[in-house]
Amino acid sequence: MSAAAAPSPTSVRPTLSELFRAFAVVSVSGFGGALPWARRKIVDQKHWMTAEEFNEAFALSQFLPGPNVVNFSVVFGSRFGGAPGAAVALAGLMGPPLVIVTILAVLYARFGDLEVLSRILAGITAAAVGLLIAVVAKMAAPLFRKRWDWAPLIAIAAFIGVAIMQWPLPLVFLVLAPVSVALAWVTR
Amino acid sequence: MNDSPLVSLFGYFALLSLFAVGGANAAIPEMHRIAVEVMQWMTDRQFADSFAIAQVSPGPNIIIVTLIGYHVAGLPGAAVATTAMCGPTCIVAFLVARIWDRFKEARWRIAIQAGLVPVSLGLIAASAFVLARSADHNIYAAIITAVTALIGFATRINPLWIFLVGGLLGLSGWL
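From first to last, the protein sequence lines stand for chains A and B.
For the first sequence, my numbering begins at 1 and goes up steadily by one.
For the second sequence, my numbering begins at 1 and goes up steadily by one.
Heads up, some of the hints might be wrong.
[To be verified] With a cut-off of at most 20 Å between alpha-carbon atoms, the simulated DMTMM-like pairs for lysine to aspartate or glutamate come out as follows:
#: 1; chain 1: A; residue 1: K46; chain 2: A; residue 2: E56
#: 2; chain 1: A; residue 1: K41; chain 2: A; residue 2: E52
#: 3; chain 1: A; residue 1: K138; chain 2: A; residue 2: E115
#: 4; chain 1: A; residue 1: K138; chain 2: A; residue 2: D149
#: 5; chain 1: B; residue 1: K104; chain 2: A; residue 2: E52
#: 6; chain 1: A; residue 1: K138; chain 2: A; residue 2: D113
#: 7; chain 1: B; residue 1: K104; chain 2: A; residue 2: E18
#: 8; chain 1: A; residue 1: K41; chain 2: A; residue 2: E56
#: 9; chain 1: B; residue 1: K104; chain 2: A; residue 2: E56
[As the list claims (entries may be wrong)] Simulated coverage check for chain B against chain A, where a stretch passes if three residues somewhere in it have a Cβ under 8 Å from a Cβ of chain A:
#: 10; stretch: 4-15
#: 11; stretch: 127-141
Just so you know, these hints were derived from the structure itself, not from any lab.
Built from N, CA and C at the ideal position, the CB exists for glycine as well.
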């Protein structure tokens, strides 16, 4: 991926139908995370954003609650086309996967009890969990590498609250997020 | 609780969508808690299967809510669950996107951004824990998980290959 070779400032503005098509293509290519595909399409191929603008918009999407790529489609679409742009980008992102996954849901309802299928899915789940652990490790590395700090404590508290105590996520969030933001405020 | 599953589907996922900082991966434990334990819509294995299907499907992983919704109430359930999970957060994203750039250097914005990172890390770690408990029923599954974690951490291989190998190992009957 040649994100470093981002050219001059963006002057190209996508039309609504271009927005729809770009996000539809990104969504069906994006196995296991659509981010690299979104970057390739938007920054490298279409030059709708510079690499910095893309990072900035994506940072915002990650910080917002809910699915990151979905947020990104709304943030990106609204920047270029207001509310219609956001709607069109979202429709492009969600439309094709929804059709595919609905077909899979129907098939699973029909064949989910088959021994073969459940064995295959068990293997895929075991592998997918491993990838999730890798994501956690990559996220944790910079956080835990720093000197003694509050951030790992917050992460561990969130983990214990949700995974071990099995408290509702909104409750854990409403307690920890303000504490964490306050700590980020005073330690800066 | 309401007797219509559509109402519960909508209520739970709409609420969850506003607190799922870190996306689909952060929301898994809460989905599991609601779908398997509180509402008993599906078994542990069906939940793990839905996770696997969402992983191998193209598109955002949050699409697992479509599968849960379909399982609970057919096509209307799929539509309601997906709308509930994406709707509120999209409205928030739309509103915040308009004002966010103005506060690029604001101290509170930097504090919010920095403060939410460890919370979402803890939530995603909890997801991995909850899913590992559902998925790793024997030593072979646990080994697959451990090896995949190392590969995922050390390389940038396309996850599709890893899923393919995982699926084949599963098919071979070890798990």
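How the hints compare with the structure:
1. A/K46 with A/E56: Holds: A/K46 and A/E56 sit about 18 Å apart, inside 20 Å.
2. A/K41 with A/E52: Holds, at about 15 Å.
3. A/K138 with A/E115: Roughly 35 Å between the alpha carbons, so the hint for A/K138 and A/E115 is violated.
4. A/K138 with A/D149: It holds: about 18 Å lies between the C-alpha atoms, which stays within 20 Å.
5. B/K104 with A/E52: Distance of about 13 Å is within 20 Å: holds.
6. A/K138 with A/D113: 36 Å, violated
7. B/K104 with A/E18: Status violated; Cα separation ~29 Å.
8. A/K41 with A/E56: 16 Å, holds
9. B/K104 with A/E56: Roughly 10 Å between the alpha carbons, so the hint for B/K104 and A/E56 holds.
10. 4-15: violated (count 1)
11. 127-141: n = 11 at 8 Å, threshold three: holds.
The structure fails hints 3, 6, 7, 10 (numbered hints given earlier, in ascending order).
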